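Q: Listed here are the chains, written in short residue letters.
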Amino acid sequence: MSDANTTDAPKPSPALLDIDEFNRRIVGAYNRGVAEKELEADTATALSVVPAGTAVLRDFSYIAPELPIYDPSNCIACMECVIECPDTAILAKVVHPDTLDEETAKISDPDVREAVRSRFTKTKKYWDAYERKEEGSGGLFGIFIDPTKCKGCAECVDQCDDFALSMLQKTDKNIPQYRQTWNAYENLPDTSPDYINERLLTDMMLTERTLLYAGGAGSCAGCGEGSAIRMMLAATGFKHGAEQVGIVAATGCNTVYAATYPYNPYRIPWTNSLFENAPADAMGIRARWNQMGWQDKKLWVLGGDGAMNDIGFQSLSRMMLSGMDINVLVLDTQVYSNTGGQASTASYTGQNTKMSFHGTAIKGKTEKRKELAQICMMHPDVYVAQTTCADFNHFYKAVMAANEYPGPAIINVYTTCQPEHGVADDMASAQARLAKESRAFPIFIHDPQAGDLLKERIDLRGNPSARADWYTVPKTGEVIDFITFARSEGRFAKHFDADGNPSDELLAAKEDRLRNWRMLQELAGNI
Amino acid sequence: MPKILDYVEYTKTDDGWTSQKIHDDGDFVMERREQDAIDADVREIETGARPSWTRLGLPRIIVNGDTFRARDED
Numbered sequence: 001m002s003d004a005n006t007t008d009a010p011k012p013s014p015a016l017l018d019i020d021e022f023n024r025r026i027v028g029a030y031n032r033g034v035a036e037k038e039l040e041a042d043t044a045t046a047l048s049v050v051p052a053g054t055a056v057l058r059d060f061s062y063i064a065p066e067l068p069i070y071d072p073s074n075c076i077a078c079m080e081c082v083i084e085c086p087d088t089a090i091l092a093k094v095v096h097p098d099t100l101d102e103e104t105a106k107i108s109d110p111d112v113r114e115a116v117r118s119r120f121t122k123t124k125k126y127w128d129a130y131e132r133k134e135e136g137s138g139g140l141f142g143i144f145i146d147p148t149k150c151k152g153c154a155e156c157v158d159q160c161d162d163f164a165l166s167m168l169q170k171t172d173k174n175i176p177q178y179r180q181t182w183n184a185y186e187n188l189p190d191t192s193p194d195y196i197n198e199r200l201l202t203d204m205m206l207t208e209r210t211l212l213y214a215g216g217a218g219s220c221a222g223c224g225e226g227s228a229i230r231m232m233l234a235a236t237g238f239k240h241g242a243e244q245v246g247i248v249a250a251t252g253c254n255t256v257y258a259a260t261y262p263y264n265p266y267r268i269p270w271t272n273s274l275f276e277n278a279p280a281d282a283m284g285i286r287a288r289w290n291q292m293g294w295q296d297k298k299l300w301v302l303g304g305d306g307a308m309n310d311i312g313f314q315s316l317s318r319m320m321l322s323g324m325d326i327n328v329l330v331l332d333t334q335v336y337s338n339t340g341g342q343a344s345t346a347s348y349t350g351q352n353t354k355m356s357f358h359g360t361a362i363k364g365k366t367e368k369r370k371e372l373a374q375i376c377m378m379h380p381d382v383y384v385a386q387t388t389c390a391d392f393n394h395f396y397k398a399v400m401a402a403n404e405y406p407g408p409a410i411i412n413v414y415t416t417c418q419p420e421h422g423v424a425d426d427m428a429s430a431q432a433r434l435a436k437e438s439r440a441f442p443i444f445i446h447d448p449q450a451g452d453l454l455k456e457r458i459d460l461r462g463n464p465s466a467r468a469d470w471y472t473v474p475k476t477g478e479v480i481d482f483i484t485f486a487r488s489e490g491r492f493a494k495h496f497d498a499d500g501n502p503s504d505e506l507l508a509a510k511e512d513r514l515r516n517w518r519m520l521q522e523l524a525g526n527i
Numbered sequence: 001m002p003k004i005l006d007y008v009e010y011t012k013t014d015d016g017w018t019s020q021k022i023h024d025d026g027d028f029v030m031e032r033r034e035q036d037a038i039d040a041d042v043r044e045i046e047t048g049a050r051p052s053w054t055r056l057g058l059p060r061i062i063v064n065g066d067t068f069r070a071r072d073e074d
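Chain order of the listed sequences is A and B.
Mapped onto my numbering, the consecutive letters of the first sequence carry residue numbers 1 to 527.
Mapped onto my numbering, the consecutive letters of the second sequence carry residue numbers 1 to 74.
Okay, chain A solo, but in the shape it has when bound (with noise of 0.2 Å):
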């Protein structure tokens, strides 16, 4: 007979998952490539729960053919490149020499040791006026490249006006030495708030507190979205903390690339539903942390324009309508990218897509592109941007604003999708700055407290010529109109002659994007 008072008293609930355990077993057999034959089925699979961040276990070292070679002597220290990436692959640090010294004498190995120093440079923001200020406050700043996680995309070097940043072919040598330089880097100290400015929105990506999207993701080399959800969740979490974060993500590329097991990027709670519900299943979150006292916490919605122009509407209308303190960034690819590239009701006219295939009859989308954010702010008190990525001052100002506003807030962001758009893998920010530059893809901020007129809510700040028709760059002369636009993205090529004449169709598709820019200046009393 049992001893009631052992054998038949309640026991502990066993924890949801031993973190170690499923790092080392789980990850472990996937990174091996063994898991299918290794793995039995277990209550860890069978919940389908990730631990946060396990995707920085992931190793892509083996992808791409080159990564990026670092020059510190033309670095500035612009941080574009450590904003613009994707995969959280190239980071930064600001360190005081002494402490440099400090953490590089721990080092054993001297070339490793030589690598880290060599990585550091002076730069008139973090070195001169420091030292203007106060003689031995000076900062060094690094750039370090985390070669497991780049996918040799090579948007950094893009954004490197400065010539600081190459791609270089990889060898057997020098991915070793990425590695132990990576790893390195990661002993260093936190960047020391001495050298945070707080209203420097660059400053942010500095500190370890922005880092809530690890990479290790499996999106595509360059792609737009994994720029703008890193860049949300960076200024999120640098203002509220990761502790007050969390994420509702709709079914799409973004629940694809984040969320295959068992490779999570995410440091923060996140869930997935279906491609439709995503903005409902928010409410049911929102009201039950609500009752429990969590109304400061920060959720955020996450879905394509398939998932809230199309599938997904009607339960974004519904949210809006709800006023809950909710905020949604829109990852506007204008095509449903993660089933293979269909027709969304974002896709511009003319646009060659696999449900508007270009073709004898029929040229290319035929329907105009609905604009989500203009809706959205039809909706009451709902506070809207649109933005890009390129326009990274304006991306975190709408991000902080949505975090601060006290009800609905919608980000439509423009993120370029290489293989659905027909562009290189290193133009994610290029396309998206012509995008807005040509009319395309405007950006705007609508704020409800920002008057009771419409023309005081609207925000047209950021668009170049915001008065004109279209933009004229002043040193060329050259006007930048939906044309010019579709001349660069594969998705219109079809619509040229071997003259590079372009087609009715997309005359008709440049003059939607004329009347749309004129909307807008219309709302916002710039005509």
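Simulated from the structure, these hints should not be mistaken for laboratory data.
For clarity, every value in this text was computed on a predicted model and none was experimentally measured.
Yeah, the Cβ is synthetic: ideal placement off N, Cα and C, and Gly gets one too.
Check each hint, because a few of them may be wrong.
With the Cβ distance kept under 7 Å, some of the chain B side facing chain A (calculated, not the full set) [claimed, not checked]:
| id | residue |
| --- | --- |
| 1 | R33 |
| 2 | A37 |
| 3 | L58 |
The following label-pair restraints were derived from C-beta to C-beta distances [what the hints assert, rightly or not]:
| id | chain 1 | residue 1 | chain 2 | residue 2 | range |
| --- | --- | --- | --- | --- | --- |
| 4 | A | T339 | B | D15 | 21 to 29 Å |
| 5 | B | R71 | A | C78 | 33 to 41 Å |
| 6 | A | G340 | B | R71 | 51 to 59 Å |
| 7 | B | D15 | A | N393 | 37 to 45 Å |
| 8 | B | Q35 | A | N31 | 45 to 53 Å |
| 9 | B | V42 | A | D128 | 52 to 60 Å |
Based on the hints, put chain B in the right spot on chain A.
A: For chain B alone, coordinates are given in the frame of chain A:
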């Protein structure tokens, strides 16, 4: 625009040393701007060592038209 680095070039001129980064089979050239940094690189080369910033990555180096190999390289 791949901008793949082929080699780093150092050239002695009447006005001192210059340095360029040659990319894409010579189609793209990045000028190195900081003369102090270039001079420091050359001092290291003269001792038979790689410029410190090139020790991570080991790009090819050409000095006055000749391939440079550091003391400890094959």
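Q: Run every hint past the structure and note whether it holds.
A: Consistency of the hints with the structure:
For the restraint placing B/R33 at the interface with chain A, the shortest Cβ-Cβ distance is roughly 6 Å, inside the 7 Å limit, so the hint holds. Of the supplied interface hints, the one on B/A37 holds, with its beta-carbon coming within about 3 Å of a beta-carbon of chain A, less than 7 Å. Taken as an interface hint, B/L58 checks out: its beta carbon lies about 5 Å from the nearest beta carbon of chain A, inside 7 Å. Restraint check, A/T339 to B/D15: a C-beta distance of roughly 60 Å breaks the suggested window 21 to 29 Å.
Distance hint for B/R71 and A/C78: a CB-CB separation of about 36 Å, consistent with the stated range 33 to 41 Å. Under the hint 51 to 59 Å, the C-beta atoms of A/G340 and B/R71, about 55 Å apart, fit the expected range. A hinted range of 37 to 45 Å for the beta carbons of B/D15 and A/N393 is consistent with their spacing of about 40 Å. Range check, B/Q35 to A/N31: about 47 Å between beta-carbon atoms, so the 45 to 53 Å window is met.
Separated by about 24 Å at the C-beta atoms, B/V42 and A/D128 break the suggested range of 52 to 60 Å.
Violated hints, listed in ascending order, are 4, 9; each of the other numbered hints is respected by the structure.
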